[in-house]
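Generate the whole structure from the sequences, applying the supplied hints.
Numbering (the working numbering), first residue to last: 136 to 547.
If you are wondering where the hints come from, they were derived from the structure by calculation, not from laboratory data.
A quick note: this is a predicted structure, and the numbers were derived from the prediction, not measured.
Treat the hints with care, as some may be off.
To be verified - Each pair of labels, with its calculated beta carbon distance range:
hint, residue 1, residue 2, range
1, D504, N463, 17 to 25 Å
2, D329, Q425, 36 to 44 Å
3, L396, I195, 49 to 57 Å
C-beta atoms are modelled at their ideal positions from N, C-alpha and C, and glycine is treated no differently.
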Amino acid sequence: MKTRQIKMLIRETALKEMPEILNKIDLSSIEIIPAFQEENAKPFTSLRRVLTYSFSFLFILVSSVLIFNSLSNPVSPYEAALENETEIIGFQAVSATSLLSESFTTPLSLSMTSDTPSILLLGGIETTSVIESEIDIINKYLNMMEVVIGNKETLLYQSKLSEDDAYQTQISFKSMDLLGNLVQFQLYYNTTQDGDLELIDGIMIHNEITYTIHGELSNSGEVIQSQFQASIDENNYVIVQDITDTTGQKFLYKIYENASLINESEISLDLTNTSIKAKINTRFQNENCQMNIEKADNGAANSGFSVNYILNNETSLVGQIDVSVEMNQVSGMYQYRYTITENEDTDEIICNRQDKGNTQANDDDFTTDDDSDDSNDTNTTTSQCPGRSDNCGKNCYNEDYLITSIKNLNVI
Numbered sequence: 136m137k138t139r140q141i142k143m144l145i146r147e148t149a150l151k152e153m154p155e156i157l158n159k160i161d162l163s164s165i166e167i168i169p170a171f172q173e174e175n176a177k178p179f180t181s182l183r184r185v186l187t188y189s190f191s192f193l194f195i196l197v198s199s200v201l202i203f204n205s206l207s208n209p210v211s212p213y214e215a216a217l218e219n220e221t222e223i224i225g226f227q228a229v230s231a232t233s234l235l236s237e238s239f240t241t242p243l244s245l246s247m248t249s250d251t252p253s254i255l256l257l258g259g260i261e262t263t264s265v266i267e268s269e270i271d272i273i274n275k276y277l278n279m280m281e282v283v284i285g286n287k288e289t290l291l292y293q294s295k296l297s298e299d300d301a302y303q304t305q306i307s308f309k310s311m312d313l314l315g316n317l318v319q320f321q322l323y324y325n326t327t328q329d330g331d332l333e334l335i336d337g338i339m340i341h342n343e344i345t346y347t348i349h350g351e352l353s354n355s356g357e358v359i360q361s362q363f364q365a366s367i368d369e370n371n372y373v374i375v376q377d378i379t380d381t382t383g384q385k386f387l388y389k390i391y392e393n394a395s396l397i398n399e400s401e402i403s404l405d406l407t408n409t410s411i412k413a414k415i416n417t418r419f420q421n422e423n424c425q426m427n428i429e430k431a432d433n434g435a436a437n438s439g440f441s442v443n444y445i446l447n448n449e450t451s452l453v454g455q456i457d458v459s460v461e462m463n464q465v466s467g468m469y470q471y472r473y474t475i476t477e478n479e480d481t482d483e484i485i486c487n488r489q490d491k492g493n494t495q496a497n498d499d500d501f502t503t504d505d506d507s508d509d510s511n512d513t514n515t516t517t518s519q520c521p522g523r524s525d526n527c528g529k530n531c532y533n534e535d536y537l538i539t540s541i542k543n544l545n546v547i
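What follows is the structure, given as structure tokens:
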């Protein structure tokens, strides 16, 4: 009600009930005090303010929770090529054994005599390049890469109770080589606990040759750290360490021959669609070398590797290597042909290729066995934890047994 209307009401009431004092009342001096403050007289404005404060508080609360979760459980910025414990353990053991088998077993892909070199230079580049000088080391890694990278659908790691009564656990690995042949490795091992360390001792069998496997898993920190060693004797072995970090899955390799370190390289794995690719970082003749390796493993005549490399010292040198598999008409075995392009010059080199398998692979070879304790599904929960003889009652792939990092171990 307006002030003027209130004063008129007062005048009418006084005239009706106290006419004798009406002339004594100065209506203009009367101050009318509102019964409510102005903002209280506007309920819609008040409600809007309450809702604004409520939504602001809710926004701050949700944002704080999201930030806390992101700091507590950081999301990996990369898609892991190896997804679970079985794949990570299996990859380290298989890759180390593959490097060892190429280095210390009799080459099967090139008939070797005193008059036949293991590497044949076919000419083209007048001076020997760094890559040509180090082709023996490169060839060791390419033999290994043929086994462990490529189409993920043809790379199968399975953990199960050991078929060998002398061991607790068995990891079976299958892949397909560049000729479409089935490649198989069998890892048998026992585990023992030593404080925060889980010790792994076992054997790897490939092409009827047995290698010794030792490993250590450390669970003292927030992640499990690992290192494996594949040996053919006490002086000749390969060590691989998991050095995974937030930038990707990485492994450090050290090759020892006659108790001397002949090469140290870091290998990173990358998953693109369903294909695992590799990057090698190493040093050749005091130059940093990075090689990006992609495998075409369709089992056809044009199967091979595509390798892009960069050499860095005072300047950078970029080159390309195309690697194909061809039959040696003399021995009837298969070998690698390297076509190296550098500074618009091309050279070709023939190198040994280790025999990987002799039976053509098919789709059934890469299906999970019914008695397997796990599969490539990272959400699989097993009653028998890989690497343990007892039932720990945990989802080993998502809790304590997930390996994502490295521990430097003294194994010499």
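Hints and how they fare:
no.	hint	in the structure
1	D504 x N463: 17 to 25 Å	36 Å, violated
2	D329 x Q425: 36 to 44 Å	38 Å, holds
3	L396 x I195: 49 to 57 Å	56 Å, holds
Of the numbered hints stated above, the single one contradicted by the structure is hint 1.
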